[in-house]
Amino acid sequence: MASPPPIDIPTLLKRIPLFSELSDADLERVGRYTRDRHIARSEVLFQRGDQPHGFYFVVSGQVKLAFSSPQGTEKVVEIVGPMQSFGEAVMFMNKPYPVFAEALTETTLIHIGQAVVSELIDQDPSFAHKLLAGMSIRLHSLVHDVETYSLRSSIQRVIGYLLQVADSDSPCEIDLPTSKQVIASRLNLTPETLSRIFHDLSESGLISVHGKHITLHDPARLARHQV
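Mapped onto my numbering, the consecutive letters of the sequence shown carry residue numbers -5 to 221.
Hint data in this document are derived by calculation from the structure and do not stem from the laboratory. The structure presented is a predicted model; accordingly, all values stated were derived computationally and were not measured. The reader is advised that the hints may include incorrect statements.
Said to hold, decoys possible - The list that follows gives simulated cross-link-like pairs (lysine-lysine, PhoX-like), each with its CA atoms no further than 20 angstroms apart: (1) K124 x K8; (2) K69 x K174; (3) K174 x K206.
To be verified - If you anchor each label on the Cβ, the simulated ranges turn out as follows: (4) E15 x E197: 51 to 59 angstroms; (5) S62 x L126: 28 to 36 angstroms; (6) G107 x E186: 37 to 45 angstroms; (7) E197 x T5: 43 to 51 angstroms.
For every residue, glycine included, the Cβ atom is placed at its ideal position computed from N, Cα and C.
Working from the sequences, and respecting the hints, build out all of it.
Quick look at the structure:
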(Lines of atoms letter the chains of each structure in order from A and count residues from 1; the text may use other names and numbers.)
(Lines give C-alpha, C1' and ligand atoms only; values in the text may rest on other atoms or scores of the structure.)
Protein backbone atom coordinates (compact mmCIF):
# COMPACT_ATOMS: atom_id res chain seq x y z
CA MET A 1 0.00 0.00 0.00
CA ALA A 2 1.35 3.43 -0.96
CA SER A 3 2.25 5.84 1.81
CA PRO A 4 -0.12 8.81 2.32
CA PRO A 5 1.07 12.06 0.71
CA PRO A 6 2.99 14.39 3.04
CA ILE A 7 1.02 17.07 4.86
CA ASP A 8 1.67 20.72 4.14
CA ILE A 9 1.93 21.60 7.84
CA PRO A 10 2.35 25.42 7.48
CA THR A 11 -0.79 25.67 5.32
CA LEU A 12 -2.73 23.37 7.62
CA LEU A 13 -1.79 25.36 10.73
CA LYS A 14 -3.33 28.48 9.19
CA ARG A 15 -6.67 26.63 8.96
CA ILE A 16 -6.73 25.83 12.66
CA PRO A 17 -8.71 28.55 14.49
CA LEU A 18 -6.28 28.47 17.40
CA PHE A 19 -3.42 29.54 15.13
CA SER A 20 -5.31 31.67 12.58
CA GLU A 21 -4.04 35.03 13.85
CA LEU A 22 -0.39 34.09 14.32
CA SER A 23 2.26 35.78 12.23
CA ASP A 24 4.08 33.84 9.51
CA ALA A 25 7.16 33.76 11.74
CA ASP A 26 5.17 32.27 14.63
CA LEU A 27 3.51 29.75 12.33
CA GLU A 28 6.93 28.70 11.11
CA ARG A 29 8.03 28.26 14.72
CA VAL A 30 4.93 26.16 15.53
CA GLY A 31 5.64 24.09 12.44
CA ARG A 32 9.05 23.15 13.78
CA TYR A 33 7.34 21.59 16.81
CA THR A 34 4.65 19.86 14.76
CA ARG A 35 4.72 16.30 13.47
CA ASP A 36 2.22 14.45 11.30
CA ARG A 37 0.92 10.98 12.11
CA HIS A 38 -0.88 8.47 9.90
CA ILE A 39 -2.60 5.69 11.84
CA ALA A 40 -4.61 2.72 10.60
CA ARG A 41 -8.08 1.78 11.71
CA SER A 42 -8.06 0.30 15.25
CA GLU A 43 -4.52 1.55 15.85
CA VAL A 44 -4.02 3.06 19.31
CA LEU A 45 -2.54 6.55 19.34
CA PHE A 46 -1.86 6.57 23.07
CA GLN A 47 -2.84 4.49 26.07
CA ARG A 48 -4.47 5.58 29.29
CA GLY A 49 -1.59 6.41 31.63
CA ASP A 50 0.76 7.68 28.92
CA GLN A 51 2.31 11.09 29.52
CA PRO A 52 1.23 13.84 27.08
CA HIS A 53 3.79 16.08 25.41
CA GLY A 54 1.46 18.25 23.35
CA PHE A 55 -1.95 18.03 21.74
CA TYR A 56 -3.43 16.56 18.56
CA PHE A 57 -5.42 17.91 15.64
CA VAL A 58 -7.36 15.59 13.33
CA VAL A 59 -6.82 16.28 9.64
CA SER A 60 -8.96 13.40 8.36
CA GLY A 61 -10.59 10.34 9.87
CA GLN A 62 -11.97 9.78 13.37
CA VAL A 63 -10.50 9.08 16.79
CA LYS A 64 -12.38 7.77 19.81
CA LEU A 65 -11.37 8.72 23.33
CA ALA A 66 -12.41 6.00 25.74
CA PHE A 67 -11.56 4.04 28.85
CA SER A 68 -12.16 0.46 29.95
CA SER A 69 -13.75 -0.56 33.22
CA PRO A 70 -12.25 -3.25 35.49
CA GLN A 71 -14.96 -5.55 34.09
CA GLY A 72 -13.61 -5.02 30.57
CA THR A 73 -16.47 -2.91 29.22
CA GLU A 74 -15.57 0.14 27.19
CA LYS A 75 -16.97 3.66 27.63
CA VAL A 76 -16.51 6.08 24.74
CA VAL A 77 -16.05 9.59 26.12
CA GLU A 78 -15.74 11.48 22.85
CA ILE A 79 -15.47 10.96 19.10
CA VAL A 80 -13.12 13.48 17.48
CA GLY A 81 -13.44 14.20 13.77
CA PRO A 82 -11.72 16.31 11.10
CA MET A 83 -10.72 19.86 12.04
CA GLN A 84 -11.09 19.08 15.76
CA SER A 85 -8.35 18.98 18.38
CA PHE A 86 -7.95 17.07 21.62
CA GLY A 87 -5.52 16.76 24.51
CA GLU A 88 -5.02 20.46 25.25
CA ALA A 89 -6.22 20.36 28.86
CA VAL A 90 -4.27 17.25 29.88
CA MET A 91 -1.16 18.76 28.33
CA PHE A 92 -1.09 21.48 31.01
CA MET A 93 -1.98 19.27 33.98
CA ASN A 94 1.32 17.37 33.95
CA LYS A 95 -0.66 14.19 34.51
CA PRO A 96 -1.07 11.09 32.35
CA TYR A 97 -3.91 10.67 29.88
CA PRO A 98 -7.13 9.54 31.64
CA VAL A 99 -8.34 7.84 28.44
CA PHE A 100 -6.91 5.98 25.47
CA ALA A 101 -7.20 7.17 21.87
CA GLU A 102 -7.94 4.75 19.03
CA ALA A 103 -8.55 5.42 15.34
CA LEU A 104 -12.04 4.46 14.16
CA THR A 105 -10.96 4.80 10.53
CA GLU A 106 -7.69 5.42 8.75
CA THR A 107 -6.72 8.75 10.27
CA THR A 108 -4.23 11.54 9.68
CA LEU A 109 -3.30 13.84 12.56
CA ILE A 110 -0.75 16.40 13.52
CA HIS A 111 0.83 16.66 16.97
CA ILE A 112 1.77 20.13 18.25
CA GLY A 113 4.48 20.06 20.94
CA GLN A 114 3.86 21.49 24.39
CA ALA A 115 7.01 23.66 24.41
CA VAL A 116 5.90 25.95 21.57
CA VAL A 117 2.37 26.23 23.00
CA SER A 118 3.80 27.39 26.34
CA GLU A 119 5.96 29.96 24.52
CA LEU A 120 2.97 31.36 22.63
CA ILE A 121 0.95 31.67 25.83
CA ASP A 122 3.75 33.64 27.46
CA GLN A 123 4.10 36.06 24.54
CA ASP A 124 0.49 36.47 23.34
CA PRO A 125 -2.49 36.79 25.75
CA SER A 126 -4.96 36.48 22.84
CA PHE A 127 -3.56 33.04 22.06
CA ALA A 128 -4.13 32.00 25.67
CA HIS A 129 -7.73 33.25 25.45
CA LYS A 130 -8.34 31.20 22.31
CA LEU A 131 -6.90 28.10 23.93
CA LEU A 132 -9.10 28.57 27.00
CA ALA A 133 -12.15 29.18 24.81
CA GLY A 134 -11.60 25.91 22.98
CA MET A 135 -11.23 23.96 26.21
CA SER A 136 -14.32 25.67 27.65
CA ILE A 137 -16.39 24.59 24.65
CA ARG A 138 -15.28 20.98 25.14
CA LEU A 139 -16.07 21.17 28.87
CA HIS A 140 -19.53 22.58 28.11
CA SER A 141 -20.11 19.70 25.70
CA LEU A 142 -19.08 17.11 28.29
CA VAL A 143 -21.33 18.69 30.93
CA HIS A 144 -24.19 18.58 28.42
CA ASP A 145 -23.48 14.88 27.88
CA VAL A 146 -23.65 14.17 31.61
CA GLU A 147 -26.95 16.05 31.81
CA THR A 148 -28.30 14.08 28.87
CA TYR A 149 -27.31 10.73 30.37
CA SER A 150 -28.78 11.67 33.75
CA LEU A 151 -32.09 13.22 32.73
CA ARG A 152 -33.05 11.63 29.41
CA SER A 153 -34.38 8.15 28.74
CA SER A 154 -32.62 5.75 26.40
CA ILE A 155 -34.96 6.49 23.49
CA GLN A 156 -34.62 10.25 24.03
CA ARG A 157 -30.84 9.93 23.80
CA VAL A 158 -31.03 7.97 20.54
CA ILE A 159 -33.54 10.35 18.95
CA GLY A 160 -31.48 13.35 20.03
CA TYR A 161 -28.39 11.81 18.46
CA LEU A 162 -30.15 11.06 15.16
CA LEU A 163 -31.56 14.58 14.94
CA GLN A 164 -28.13 16.05 15.68
CA VAL A 165 -26.49 14.02 12.90
CA ALA A 166 -29.32 14.78 10.44
CA ASP A 167 -29.51 18.51 11.26
CA SER A 168 -32.64 18.82 9.12
CA ASP A 169 -36.36 19.34 9.64
CA SER A 170 -37.20 17.60 6.37
CA PRO A 171 -37.15 13.89 5.53
CA CYS A 172 -33.54 12.90 4.96
CA GLU A 173 -31.05 10.07 4.84
CA ILE A 174 -27.95 9.83 6.99
CA ASP A 175 -25.01 7.49 7.35
CA LEU A 176 -23.93 6.81 10.90
CA PRO A 177 -20.39 8.20 11.28
CA THR A 178 -19.13 5.14 13.13
CA SER A 179 -20.22 1.68 14.27
CA LYS A 180 -23.39 1.11 16.25
CA GLN A 181 -21.30 -0.35 19.08
CA VAL A 182 -19.29 2.87 19.40
CA ILE A 183 -22.45 5.02 19.18
CA ALA A 184 -24.11 2.92 21.88
CA SER A 185 -21.13 3.43 24.20
CA ARG A 186 -21.12 7.15 23.42
CA LEU A 187 -24.81 7.34 24.41
CA ASN A 188 -24.21 5.25 27.55
CA LEU A 189 -26.29 2.36 26.19
CA THR A 190 -25.66 -1.29 25.50
CA PRO A 191 -25.55 -2.31 21.81
CA GLU A 192 -28.63 -4.46 22.46
CA THR A 193 -30.58 -1.46 23.78
CA LEU A 194 -29.60 0.65 20.78
CA SER A 195 -30.70 -2.10 18.37
CA ARG A 196 -34.03 -2.46 20.22
CA ILE A 197 -34.67 1.29 20.02
CA PHE A 198 -33.85 1.35 16.29
CA HIS A 199 -36.29 -1.54 15.84
CA ASP A 200 -39.04 0.22 17.82
CA LEU A 201 -38.57 3.48 15.88
CA SER A 202 -38.70 1.52 12.63
CA GLU A 203 -41.88 -0.25 13.69
CA SER A 204 -43.39 3.16 14.43
CA GLY A 205 -42.59 4.31 10.90
CA LEU A 206 -40.28 7.07 12.10
CA ILE A 207 -37.07 5.69 10.60
CA SER A 208 -35.79 2.94 8.33
CA VAL A 209 -32.49 1.23 9.11
CA HIS A 210 -30.24 -0.51 6.60
CA GLY A 211 -26.93 -1.18 8.32
CA LYS A 212 -25.34 2.22 9.00
CA HIS A 213 -27.72 3.95 6.54
CA ILE A 214 -30.78 5.44 8.21
CA THR A 215 -33.74 7.27 6.70
CA LEU A 216 -35.55 9.80 8.88
CA HIS A 217 -39.05 9.91 7.42
CA ASP A 218 -40.34 12.80 9.53
CA PRO A 219 -37.76 14.55 11.73
CA ALA A 220 -40.39 16.89 13.22
CA ARG A 221 -42.52 13.94 14.33
CA LEU A 222 -39.40 12.19 15.56
CA ALA A 223 -38.56 15.25 17.68
CA ARG A 224 -42.06 15.22 19.19
CA HIS A 225 -41.56 11.54 20.00
CA GLN A 226 -38.55 12.60 22.05
CA VAL A 227 -40.61 14.64 24.52
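Hints, one by one, checked against the model:
no., hint, in the structure
1, K124 x K8, "holds (14 angstroms)"
2, K69 x K174, "holds (13 angstroms)"
3, K174 x K206, "holds (8 angstroms)"
4, E15 x E197: 51 to 59 angstroms, "holds (52 angstroms)"
5, S62 x L126: 28 to 36 angstroms, "holds (31 angstroms)"
6, G107 x E186: 37 to 45 angstroms, "holds (43 angstroms)"
7, E197 x T5: 43 to 51 angstroms, "holds (50 angstroms)"
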